[in-house]
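I would like the entire structure built from these sequences, with the hints used as guidance.
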Amino acid sequence: MNNRWWAPAGLAAVALVAAACGSSGTSGASGSGGSGGGSTASAAPAAASGPSSSMVKSATIGGVKVLTNAKGFTLYSFALDTANKSNCSGSCAVYWTPARGPATAGPGVTGKLAVLTRANGAKQAVYDGHPLYTYVGDHAPGQAKGNGLNLSGGVWHEVTVTGAAAPMPAATHSSSGGSGGGGGYGY
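Anchor point for the sequence shown: position 163 equals 163 in the numbering used here, and the numbering is continuous, going up by one each time.
None of these hints come from the bench; they were simulated from the model.
The beta carbon of each residue, even a glycine, is placed where N, CA and C say it ideally should be.
Mixed in with the good hints there might be a few duds.
Straight line, CA to CA, 20 Å or less: simulated EDC-like cross-link-like pairs of lysine to aspartate or glutamate [unchecked claim]:
1. Lys71 x Asp138
2. Lys85 x Asp138
3. Lys65 x Asp138
4. Lys85 x Asp128
5. Lys57 x Asp128
6. Lys112 x Asp128
7. Lys65 x Asp128
Label-pair restraints from in silico Cβ distances [as the list claims (entries may be wrong)]:
8. Gly63 x Asn84: 15 to 23 Å
9. Gly137 x Met55: 19 to 27 Å
10. Gly121 x Met55: 17 to 25 Å
11. Lys112 x His139: 14 to 22 Å
12. Thr162 x Thr82: 26 to 34 Å
The following block contains the structure:
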(Lines of atoms letter the chains of each structure in order from A and count residues from 1; the text may use other names and numbers.)
(Lines give C-alpha, C1' and ligand atoms only; values in the text may rest on other atoms or scores of the structure.)
Protein backbone atom coordinates (compact mmCIF):
# COMPACT_ATOMS: atom_id res chain seq x y z
CA MET A 1 0.00 0.00 0.00
CA ASN A 2 1.38 3.41 -0.95
CA ASN A 3 1.15 5.91 1.92
CA ARG A 4 2.84 8.78 0.08
CA TRP A 5 -0.47 10.68 -0.20
CA TRP A 6 -0.65 11.06 3.60
CA ALA A 7 2.02 13.78 3.75
CA PRO A 8 0.32 16.14 1.24
CA ALA A 9 -3.12 15.42 2.73
CA GLY A 10 -1.82 16.08 6.23
CA LEU A 11 -0.15 19.32 5.15
CA ALA A 12 -3.35 20.44 3.45
CA ALA A 13 -5.36 19.75 6.61
CA VAL A 14 -2.85 21.66 8.75
CA ALA A 15 -2.92 24.57 6.30
CA LEU A 16 -6.72 24.70 6.54
CA VAL A 17 -6.56 24.74 10.34
CA ALA A 18 -3.95 27.51 10.34
CA ALA A 19 -5.93 29.55 7.81
CA ALA A 20 -9.13 29.15 9.81
CA CYS A 21 -7.38 30.22 13.00
CA GLY A 22 -5.93 33.24 11.25
CA SER A 23 -9.25 35.01 10.94
CA SER A 24 -9.69 38.32 12.68
CA GLY A 25 -11.61 38.15 15.91
CA THR A 26 -12.65 41.80 15.81
CA SER A 27 -15.78 41.39 13.73
CA GLY A 28 -19.24 41.35 15.24
CA ALA A 29 -21.17 38.31 16.28
CA SER A 30 -21.10 35.50 13.80
CA GLY A 31 -24.32 33.88 12.81
CA SER A 32 -26.55 36.37 14.60
CA GLY A 33 -28.00 39.78 14.03
CA GLY A 34 -25.00 41.13 15.94
CA SER A 35 -25.33 44.10 18.17
CA GLY A 36 -21.91 45.34 17.12
CA GLY A 37 -21.17 45.94 20.79
CA GLY A 38 -18.22 44.57 22.64
CA SER A 39 -18.23 42.14 25.49
CA THR A 40 -18.66 43.01 29.11
CA ALA A 41 -17.28 41.28 32.16
CA SER A 42 -18.70 41.08 35.62
CA ALA A 43 -17.78 39.22 38.75
CA ALA A 44 -19.24 35.75 38.93
CA PRO A 45 -21.54 34.98 41.83
CA ALA A 46 -19.67 33.46 44.77
CA ALA A 47 -21.65 30.23 44.58
CA ALA A 48 -22.61 30.03 40.92
CA SER A 49 -24.45 26.84 40.13
CA GLY A 50 -26.89 25.44 37.68
CA PRO A 51 -26.70 24.11 34.15
CA SER A 52 -24.61 26.98 32.74
CA SER A 53 -22.04 26.84 35.53
CA SER A 54 -18.69 25.14 35.00
CA MET A 55 -15.93 24.17 37.40
CA VAL A 56 -12.39 25.50 37.11
CA LYS A 57 -9.85 23.20 38.76
CA SER A 58 -6.08 23.12 39.11
CA ALA A 59 -3.64 20.46 37.97
CA THR A 60 0.07 20.13 37.46
CA ILE A 61 0.85 19.69 33.77
CA GLY A 62 4.44 19.64 32.57
CA GLY A 63 5.62 20.71 36.01
CA VAL A 64 3.43 23.83 36.03
CA LYS A 65 0.30 24.28 38.18
CA VAL A 66 -2.36 25.34 35.66
CA LEU A 67 -6.12 25.69 35.38
CA THR A 68 -8.28 22.98 33.87
CA ASN A 69 -11.96 22.57 33.22
CA ALA A 70 -14.04 20.03 35.15
CA LYS A 71 -12.94 17.25 32.78
CA GLY A 72 -9.23 18.02 33.33
CA PHE A 73 -8.59 19.74 29.99
CA THR A 74 -6.11 22.63 30.09
CA LEU A 75 -7.50 26.17 30.03
CA TYR A 76 -5.76 28.77 27.88
CA SER A 77 -5.68 32.54 27.47
CA PHE A 78 -5.20 34.52 24.25
CA ALA A 79 -2.67 37.37 24.22
CA LEU A 80 -5.03 39.65 22.24
CA ASP A 81 -7.91 39.40 24.73
CA THR A 82 -8.74 41.88 27.45
CA ALA A 83 -10.62 41.24 30.68
CA ASN A 84 -13.77 42.61 29.03
CA LYS A 85 -13.46 41.28 25.47
CA SER A 86 -12.65 38.04 23.70
CA ASN A 87 -10.88 38.57 20.39
CA CYS A 88 -11.40 34.96 19.31
CA SER A 89 -14.62 34.45 17.39
CA GLY A 90 -15.86 32.72 14.26
CA SER A 91 -13.51 29.99 13.07
CA CYS A 92 -11.02 30.83 15.84
CA ALA A 93 -13.62 29.82 18.44
CA VAL A 94 -14.01 26.45 16.70
CA TYR A 95 -10.40 25.58 17.53
CA TRP A 96 -10.24 27.50 20.83
CA THR A 97 -13.55 26.77 22.53
CA PRO A 98 -14.59 29.49 25.00
CA ALA A 99 -15.04 28.11 28.53
CA ARG A 100 -18.65 28.52 29.54
CA GLY A 101 -19.39 30.98 32.31
CA PRO A 102 -20.15 31.56 35.03
CA ALA A 103 -17.58 29.26 36.59
CA THR A 104 -16.99 28.06 40.12
CA ALA A 105 -13.58 27.63 41.73
CA GLY A 106 -12.46 24.13 42.61
CA PRO A 107 -9.73 23.22 45.09
CA GLY A 108 -6.49 25.14 44.57
CA VAL A 109 -8.09 27.87 42.44
CA THR A 110 -7.50 31.12 44.29
CA GLY A 111 -7.87 33.82 41.62
CA LYS A 112 -10.89 35.95 40.79
CA LEU A 113 -13.49 34.36 38.53
CA ALA A 114 -15.69 36.59 36.42
CA VAL A 115 -17.87 36.26 33.33
CA LEU A 116 -18.00 38.22 30.10
CA THR A 117 -20.70 38.34 27.48
CA ARG A 118 -19.30 37.50 24.04
CA ALA A 119 -20.43 39.40 20.94
CA ASN A 120 -22.79 36.49 20.13
CA GLY A 121 -24.42 36.70 23.59
CA ALA A 122 -22.76 33.59 25.05
CA LYS A 123 -21.25 33.78 28.54
CA GLN A 124 -17.51 33.07 28.91
CA ALA A 125 -15.53 32.38 32.08
CA VAL A 126 -12.74 34.82 32.95
CA TYR A 127 -9.92 34.18 35.45
CA ASP A 128 -7.88 37.08 36.83
CA GLY A 129 -8.75 39.12 33.74
CA HIS A 130 -8.12 36.34 31.20
CA PRO A 131 -11.02 34.91 29.16
CA LEU A 132 -10.63 31.11 29.22
CA TYR A 133 -10.58 28.58 26.36
CA THR A 134 -9.87 24.91 25.71
CA TYR A 135 -7.90 23.78 22.65
CA VAL A 136 -9.22 21.30 20.08
CA GLY A 137 -5.73 19.75 19.82
CA ASP A 138 -5.83 18.52 23.42
CA HIS A 139 -7.41 15.08 23.13
CA ALA A 140 -7.07 13.96 26.75
CA PRO A 141 -6.86 15.53 30.19
CA GLY A 142 -3.34 16.61 31.14
CA GLN A 143 -2.30 17.67 27.64
CA ALA A 144 -1.18 21.24 26.84
CA LYS A 145 -0.56 21.16 23.09
CA GLY A 146 -1.84 24.72 22.71
CA ASN A 147 0.70 26.36 25.03
CA GLY A 148 2.91 28.77 23.12
CA LEU A 149 1.11 28.47 19.79
CA ASN A 150 1.05 31.67 17.76
CA LEU A 151 -2.30 31.40 15.98
CA SER A 152 -5.17 33.77 15.17
CA GLY A 153 -2.83 36.74 15.38
CA GLY A 154 -1.49 36.14 18.89
CA VAL A 155 0.09 33.70 21.30
CA TRP A 156 -1.90 31.23 23.41
CA HIS A 157 -0.81 30.27 26.92
CA GLU A 158 -1.88 27.84 29.61
CA VAL A 159 -3.31 29.85 32.49
CA THR A 160 -1.46 29.21 35.74
CA VAL A 161 -3.20 29.21 39.12
CA THR A 162 -1.51 32.56 39.79
CA GLY A 163 -3.15 33.99 36.64
CA ALA A 164 0.16 34.43 34.85
CA ALA A 165 0.90 32.89 31.47
CA ALA A 166 2.70 29.56 31.67
CA PRO A 167 6.29 29.45 30.43
CA MET A 168 6.77 28.76 26.74
CA PRO A 169 7.48 25.10 26.01
CA ALA A 170 11.16 24.27 25.45
CA ALA A 171 10.41 22.72 22.06
CA THR A 172 8.77 25.90 20.71
CA HIS A 173 10.18 27.08 17.41
CA SER A 174 9.50 30.79 17.65
CA SER A 175 11.16 32.96 15.06
CA SER A 176 10.72 36.12 17.11
CA GLY A 177 10.85 34.77 20.66
CA GLY A 178 7.68 36.65 21.59
CA SER A 179 4.15 37.41 20.62
CA GLY A 180 3.20 38.71 17.24
CA GLY A 181 5.16 38.22 14.08
CA GLY A 182 5.54 34.90 12.38
CA GLY A 183 6.70 31.89 14.20
CA GLY A 184 6.13 28.50 12.76
CA TYR A 185 5.01 26.02 15.34
CA GLY A 186 4.83 23.15 12.94
CA TYR A 187 1.55 24.34 11.45
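CA of Lys57 to CA of Asp128, is that 20 Å or under?
-> Given that 20 Å is the threshold and the Cα spacing comes to 14 Å, the pair holds.
Mind checking the alpha carbons of Lys65 and Asp128 for me, to see if they're no more than 20 Å apart?
-> Roughly 15 Å separates the two Cα atoms, so the pair holds.
For the pair supplied as a hint, Lys85 and Asp138, confirm whether the alpha-carbon distance does not exceed 20 Å.
-> 24 Å, violated
Within 15 to 23 Å or not, the Cβ separation of Gly63 and Asn84?
-> Taking Cβ atoms as reference, Gly63 and Asn84 lie about 32 Å apart, which means the hint is violated.
Measure nothing beyond the straight line between the CA atoms of Lys71 and Asp138; if it is 20 Å or shorter, mark the hint as holding.
-> Given pair Lys71, Asp138 holds - Cα atoms ~12 Å apart, limit 20 Å.
Range hint 17 to 25 Å: satisfied by the CB atoms of Gly121 and Met55?
-> Once the Cβ atoms are compared, 23 Å apart, the range 17 to 25 Å for Met55 and Gly121 holds.
CB of Gly137 to CB of Met55, is that within 19 to 27 Å?
-> 22 Å, holds
Can the restraint linking Lys112 and Asp128 be considered satisfied, given a maximum Cα separation of 20 Å?
-> Given that 20 Å is the threshold and the Cα spacing comes to 5 Å, the pair holds.
Does 14 to 22 Å hold as the CB distance between Lys112 and His139, or does it fail?
-> Because 30 Å falls outside the window, the suggested range is violated.
Go ahead and decide if the range 26 to 34 Å is satisfied by the Cβ distance of Thr162 to Thr82.
-> 19 Å, violated
Taking only the CA atoms, is the gap from Lys65 to Asp138 under or equal to 20 Å?
-> Cα-Cα ~17 Å, so holds.
Within 20 Å, alpha carbon to alpha carbon, are Lys85 and Asp128?
-> 13 Å, holds
Violated hints, in rising order: 2, 8, 11 and 12; the structure is consistent with all others.
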